[in-house]
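Residues per chain are reported as follows:
2 protein chains.
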Amino acid sequence: MIDFPYLVGITRRTPSRILFLVVDGIGGMPHPATGKSELETARIPNLDRLAQHSATGLITPVAPGIAPGSGPGHLALFGYDPLKYLIGRGVLEALGSDVALAPGDVAARGNFCTLTPDGLVADRRAGRVHSETSGKLCHQLNRVSVPGARIEVHPGKEHRFTLVLRGEGLSEEVSDTDPSHDGVAPLAAKALTPAAQKTAALVNAFVGAAHRTLRGQEQANGVLLRGLSKVPALPPMGHAYKLHPAAIAAYPMYRGLAHVLGMTVLPTGPSFQDEVDTLQQHFTSHDFFYLHYKPADAAGEDGDFDEKVRALETLDGFIPALLDLKPDVLVVTGDHATPAVLAAHSWHPVPLLIHAASTQGDGVPRFTERAFANGSLGRLPSVGTMLLVLAHAGKLSKFGP
Amino acid sequence: MIDFPYLVGITRRTPSRILFLVVDGIGGMPHPATGKSELETARIPNLDRLAQHSATGLITPVAPGIAPGSGPGHLALFGYDPLKYLIGRGVLEALGSDVALAPGDVAARGNFCTLTPDGLVADRRAGRVHSETSGKLCHQLNRVSVPGARIEVHPGKEHRFTLVLRGEGLSEEVSDTDPSHDGVAPLAAKALTPAAQKTAALVNAFVGAAHRTLRGQEQANGVLLRGLSKVPALPPMGHAYKLHPAAIAAYPMYRGLAHVLGMTVLPTGPSFQDEVDTLQQHFTSHDFFYLHYKPADAAGEDGDFDEKVRALETLDGFIPALLDLKPDVLVVTGDHATPAVLAAHSWHPVPLLIHAASTQGDGVPRFTERAFANGSLGRLPSVGTMLLVLAHAGKLSKFGP
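Residue numbers (the numbering used here), protein chains in the order written: chain A, 1 to 401; chain B, 1 to 401.
Isolated chain A (complex conformation) (with noise of 0.2 Å):
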């Protein structure tokens, strides 16, 4: 835990590396046909001996029953306190977007959507409009102008795009004036402090402005925004942990993450084994490296049973590469759970596995939820996970005389 009293007194630099594998909704549930859940499905022989030879356990990402988001699930992962420590909607979406955030910036979740002549949101998504489509229409509004701060509309998916504000005095302590269901007329925004003011009236104006730029649009005449939020200041984490940390992943929003605490981020290409080739390039400049494996996710979000295990055999396939670069310690774990058949992030807890000289290995025979219930590190809040990888790379010492 990043918060943990005393950590500058037994934190120490060593020349020890460590490889920390987020595998982004690694636990499952069982398929209804089989009994067996994706891990237990898949063929995964490296995971499996890996599993003989370390610690392992389960971890829950933020409290039994909470499905965390990505935020929380990650911050955890950090030691960072998910619920102290949060991210916002519109600075999460940013950093999905690649969009560089500074202290003070304020971000939100834009959508675009059809209005009916009297005003009221017919569409919330504007019918899902092309993203070709709403690419051009960002471009409009990025010659919005209003006075006070600088205006950014960066183009999403579809319907979604990003608004970044810019400049002195801005808030983050802005209603939504997305009102988040169709038949009703979008909200103002409104100051949820007296000091978030101007920047209520800032919203408000682009709002009037972009709705003016956007008349005449047959399906994304309106916009609506979200989680207007600034990045937080957290505490570095490699300050915190007396580590250099490095980052490493095809998708923005988690090197927004990793951004966001601290960690420098490497260039990297679009697939897991641009991934690792990267990390072979670096692998003697930093001695922590996180590395994110998102097809494991994606698969469960899709509610696709047959594509986890797949993505899950293919993570596999790269194990004994990532064994050859020898790291001191090396963590096998997810964020939180995605089974396929919830087609959802779950609340289940995640499996933990952390392989150093200094695991032996808890008789556990494979690399799945079950087997790790019966593992030596037993059932962990997932924001105590990052202190056991620094006691296992031998880089805390004793606490107390």
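Pairs involving identical chains hold if they fit within one copy or between any two copies, as the list cannot separate such chains.
In silico SDA-like links for lysine to any residue, alpha-carbon gap of 20 Å or less: (1) 84 to 401; (2) 36 to 356; (3) 136 to 125; (4) 242 to 66; (5) 198 to 104; (6) 84 to 1; (7) 36 to 365; (8) 84 to 384.
Derived by calculation from the structure, the hints in this document are not laboratory data.
Guided by the hints, dock chain B onto chain A, whose structure is given.
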């Protein structure tokens, strides 16, 4: 946990129904002669079969080593931190006597006692005076009037009664008059804060009048009061979780607890069969049912191992009727363990079973303490149960973007 931050943002109303069966005192300890606990001894085929197709684990009501009363045990199950939300002894006594308390009322646990001619306590329980006698004396005490509050004296079993003060500006910050041992005089009630001076004076005036009324009684010629308390202001369960919760309990205290938590208390009869009938009649009217089963605890408290085994076997016979209602989530757990060999509530972890479409089975063969130690839910604090149950009912959205 009712205090989970951001709960309001993730709870959602759905048509799914939760049946939450609290088997009072369900956990036990091995009988010295057989090495088997009450659950291990009982023939409970329906519960065993249910365990094979559910998620199972063990919950800790308050903290390791702490044996809870019924108040903290139940509060924790419904997600209220039992160290934060306290229910005073006076209030619990009133709830257990079916005495309705309004906000602002102060209740105290009363004992009839025997005083010596010198005014010292000779017997704090007045020789466990017959209920018939003490009931008549309560009737007399109800005629006592003190200026500034209405007085009610409700009879309990043997030497017990409940005193209720109703009026404006009453305080619970008043010390006990019960010295908690014999051979000394009853204590004067003292105001623990300046605002409590009026209430302390009222209490002392009542005690004086009561002693005058009881003069001449052989056994019960005095009264002792303790645990002055008001109904605590708890966040209503239905509001916090977005539920329409109902309670079905044959014993008044559990109905009272449910009332304090904001549940609708459904009238029912004195037996568990009556409770099940009530459940069947109202099953479509609520989305959460707290169903209380008392006999296991009663037998445990009596130290009657065989009777507790029988109580569990009797309960087992009702499981098919509960499943026939097709609740979306069926929970079977307890507020605390009551091992017959201890003849008391104990600190042991309590079995927790959650049955839902999203649970498959943990490979747990039986409904026992030892089997559940290997269940997929692991060990968790009782206060974490409710969010897990809501998750399985599909009533929780993702936390965080």
